[in-house]
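Colleague: Sequence:
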Amino acid sequence: MSPNGSDRSPRRTMRRKLPQALALGLVIATATGCSANDLPRLGLPSPVTEEGPLVLHMWQGSWIAALVVGVLMWGLIIWSVIFHRRSRTGVQIPPQTRYNVPIEALYTAVPIIIVSVLFYFVARDESRLISVSEKPQHTVNVVGFQWSWAFNYENTENPDPANKDAAYEVGTPKEAPTLYLPVNESVQFRLTSRDVIHDFWPINFLMKMDVVPGVVNKFEVTPTVKGEYKGKCAELCGVDHSRMLFNVKVVDRAEYDKHLAELRAKGQTGAVPSGITTMGSEEK
1 MSPNGSDRSP RRTMRRKLPQ ALALGLVIAT ATGCSANDLP RLGLPSPVTE EGPLVLHMWQ
61 GSWIAALVVG VLMWGLIIWS VIFHRRSRTG VQIPPQTRYN VPIEALYTAV PIIIVSVLFY
121 FVARDESRLI SVSEKPQHTV NVVGFQWSWA FNYENTENPD PANKDAAYEV GTPKEAPTLY
181 LPVNESVQFR LTSRDVIHDF WPINFLMKMD VVPGVVNKFE VTPTVKGEYK GKCAELCGVD
241 HSRMLFNVKV VDRAEYDKHL AELRAKGQTG AVPSGITTMG SEEK
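Using our numbering, the letters of the sequence shown map in sequence onto residues 1 to 284.
Each hint should be verified, as a subset may be incorrect.
What the hints assert, rightly or not - Below, computed lysine-lysine pairings styled on DSS-like, alpha-carbon distance capped at 25 Å: (1) 135 - 164; (2) 164 - 232; (3) 249 - 174; (4) 135 - 226; (5) 226 - 208; (6) 266 - 208; (7) 135 - 258; (8) 226 - 249; (9) 232 - 208; (10) 218 - 249; (11) 266 - 249.
Claimed, not checked - Beta-carbon label-pair distances, calculated as ranges: (12) 69 - 215: 33 to 41 Å; (13) 124 - 162: 34 to 42 Å; (14) 132 - 63: 41 to 49 Å; (15) 120 - 42: 18 to 26 Å; (16) 116 - 215: 27 to 35 Å; (17) 240 - 102: 55 to 63 Å; (18) 162 - 111: 51 to 59 Å; (19) 226 - 130: 21 to 29 Å; (20) 257 - 73: 53 to 61 Å; (21) 53 - 120: 18 to 26 Å; (22) 115 - 173: 37 to 45 Å.
It is worth saying that the hints were derived from the structure and are not from the lab. For glycine and all other residues, C-beta sits at the position ideal for the given N, C-alpha and C.
I would like the entire structure built from these sequences, with the hints used as guidance.
Modeller: If you want it as structure tokens, here you go:
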């Protein structure tokens, strides 16, 4: 009983109000009406391709889900600590519960539901990110080797000798190569390795993929923002892994064609070996 004769003690009132406050906090946190573009990028760079925002939204959604689960669990923990402690005047032991089948079933079902929902969205977005068209506007065979990159422009992993638009560029650990791409035009990367596993990662594309010896991996992007960006190998591949860098330059179509013409004028026509049939490190 409270001092005024009522059994509605402040502690009992708080016990009723706390779940309502927690529920209100969750609603405010998850129903602000902000779009994904209004949310922080949480460590990711600004996307510069059509496909980039899809990765960013998936990253933001994962953080939101983790935040909601974290707030709920911490709220339940704090609620239990505050309202299920022993009374100041009581000496009895709190009721001991050995089994509670509904709660145990809930603890099993809820994680399964959370994992299933996250799996659905990841599988849905991944299928879109790795899908490629039969006829992209441009094809670049990216060749990884210890410890740099070669770019076979307008060529697949099996170069066409009759292709007059083809050209290539090879880098070294001392001089990182620059990958030229036309803006607002689709580019399919076909990734091959000549020695060990590498990982092709144009950072601002928010997309990377393993480069595996004897295997052709591929993905497709459409750059939408002109500029110069950084790229690197994201798979530990040897002593000079940290020097396996490259640059990406997104330019107008006219500048892209001009760059390929300059490469051909220097004798860099056709393609360097992709590593599908020839293994071994690049001498340069």
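Colleague: Run the structure past the numbered hints and jot down the numbers of the failing ones, going up.
Modeller: 2, 6, 14
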